Amino acid sequence: MSNNRVSRRQFLNYTLTGVGGFMAAGMLMPMVRFAIDPVLQSKGAGDFVPTDQKVAELTETPVKVNFSFEQVDAWYKSDVTAMAWVYKEGDKVVALSPVCKHLGCTVGWEGDKNHPDEFFCACHAGRYHKNGENIPGTPPLGPLDEFEVEEKDGLLLIGPVRPNTLVKK
Amino acid sequence: MLFTVKDVSDFLANKPFIDTVIVPLVQIDLSEDGIKQSSSASDYLLNLTNFIEHQFKGRIMLMPPITYLKGVDQSGAMLLFEQKLKEAGFKHVFFMTSDHSLTALQQTHTVVWLPSIPLESMDATVKNKILEDQLAQVIPVFSAKWSQA
Ligand code: FES
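Residue numbers (the working numbering), protein chains in the order written: chain A, 10 to 178; chain B, 7 to 155.
Same shape as in the complex, but just chain A (with noise of 0.2 Å):
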């Protein structure tokens, strides 16, 4: 154990290197941090939520699927449920967001019976294509928006909302 006597120089070159080791740590986490923040930081907004909607039995008539998420306002923590209108194409799931491009209201499949075939908002009479065309002549100027979707063990999980895609122009 004598052999390994610490002298007094060597005592303060470990402990300033320690500490100047910790300060330079303790400045460089920040930027580093801060460089790569993005890959660290915990999702919110844009993760997919869970449903109770089997894949499976989709069809190609647009059923309402509901889901939940926890939406933050400033201090104020609330559950929303939100709605999607989702059917089959052929083998890919299709998922609109229900959310007039009016003025905002919740469209209906089918919610007049004049118009099959067609998501039919309430408000004023606005009317779009399956694939969420708006129909010229009615209020609407844009096409409905279209959720992001996954599956995972034969359910439907719905993503971030995103411009129409199904739409060509």
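Hints are computed from structural coordinates only; laboratory data are not their basis.
Every value quoted in this text rests on a predicted model; they were computed, and no experiment measured them.
Heads up, the beta-carbon is just placed ideally off N, CA and C, and yes, glycines get one too.
One thing to keep in mind: the hints can contain errors.
Stated by the list, open to error - So, partial list: chain B residues that the calculated Cβ filter (under 8 Å) puts toward chain A:
| no. | residue |
| --- | --- |
| 1 | Asn-20 |
| 2 | Gly-64 |
| 3 | Arg-65 |
| 4 | Asn-134 |
Unchecked claim - Sample of chain B residues facing chain A (criterion: CB under 8 Å; computed from the structure):
| no. | residue |
| --- | --- |
| 5 | Asp-16 |
| 6 | His-60 |
| 7 | Gln-61 |
| 8 | Phe-62 |
| 9 | Lys-63 |
| 10 | Ala-130 |
Chain B with the ligand: place on chain A using the hints.
Same frame as chain A, but now just chain B with the ligand:
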């Protein structure tokens, strides 16, 4: 539309489209054996009116609720409110309440009475189902008024 700056700006820009307003009427009963039921009814009514607003955002403006103490007459306040709302450009004014005594005012106002349902004992899915059912009940009242105009 909600009574928030953002929605009110949308309202001002789209006045002819947003022609309907909902005013929730919430009775407050502070008596020992009424206060709990009163809070439950209030919670229910505010949930339901918010749900309706969400469905008809582009046509309906939901006002902050009028609250009043049990037994205090509301007819004067409602008359004035309705008159001012019409002056502000709303065509249809719906008062919604779970206070049955207000149905007496159905001669002069559109009062939609909805017996309250205790939502507090329900999980989110059931709650949503109930609200959807209740919505289905009120939609005909709205469409009837809308098609009159
Ligand atoms: S909000 Fe849908 S048509 Fe006006």
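Evaluation of the provided hints:
Taken as an interface hint, Asn-20 of chain B checks out: its beta carbon lies about 6 Å from the nearest beta carbon of chain A, inside 8 Å. Taken as an interface hint, Gly-64 of chain B checks out: its beta carbon lies about 3 Å from the nearest beta carbon of chain A, inside 8 Å. Hint status for Arg-65 of chain B relative to chain A: holds, with the closest Cβ pair at about 4 Å, below 8 Å. A cut of 8 Å between beta carbons decides the hint on Asn-134 of chain B: the least distance to chain A is about 5 Å, and the hint holds.
Because the smallest distance between the Cβ of Asp-16 of chain B and any Cβ of chain A comes to about 7 Å, under 8 Å, the interface hint for this residue holds. Nearest Cβ of chain A to the Cβ of His-60 of chain B: about 7 Å, under the 8 Å cut. The hint holds. Nearest Cβ of chain A to the Cβ of Gln-61 of chain B: about 5 Å, under the 8 Å cut. The hint holds. Taken as an interface hint, Phe-62 of chain B checks out: its beta carbon lies about 5 Å from the nearest beta carbon of chain A, inside 8 Å.
Interface restraint check for Lys-63 of chain B: the shortest CB-CB distance to chain A comes to about 4 Å, inside 8 Å, so the restraint holds. With 8 Å as the threshold, the beta carbon of Ala-130 of chain B comes within range of chain A, its nearest partner Cβ sitting at about 6 Å, so the hint holds.
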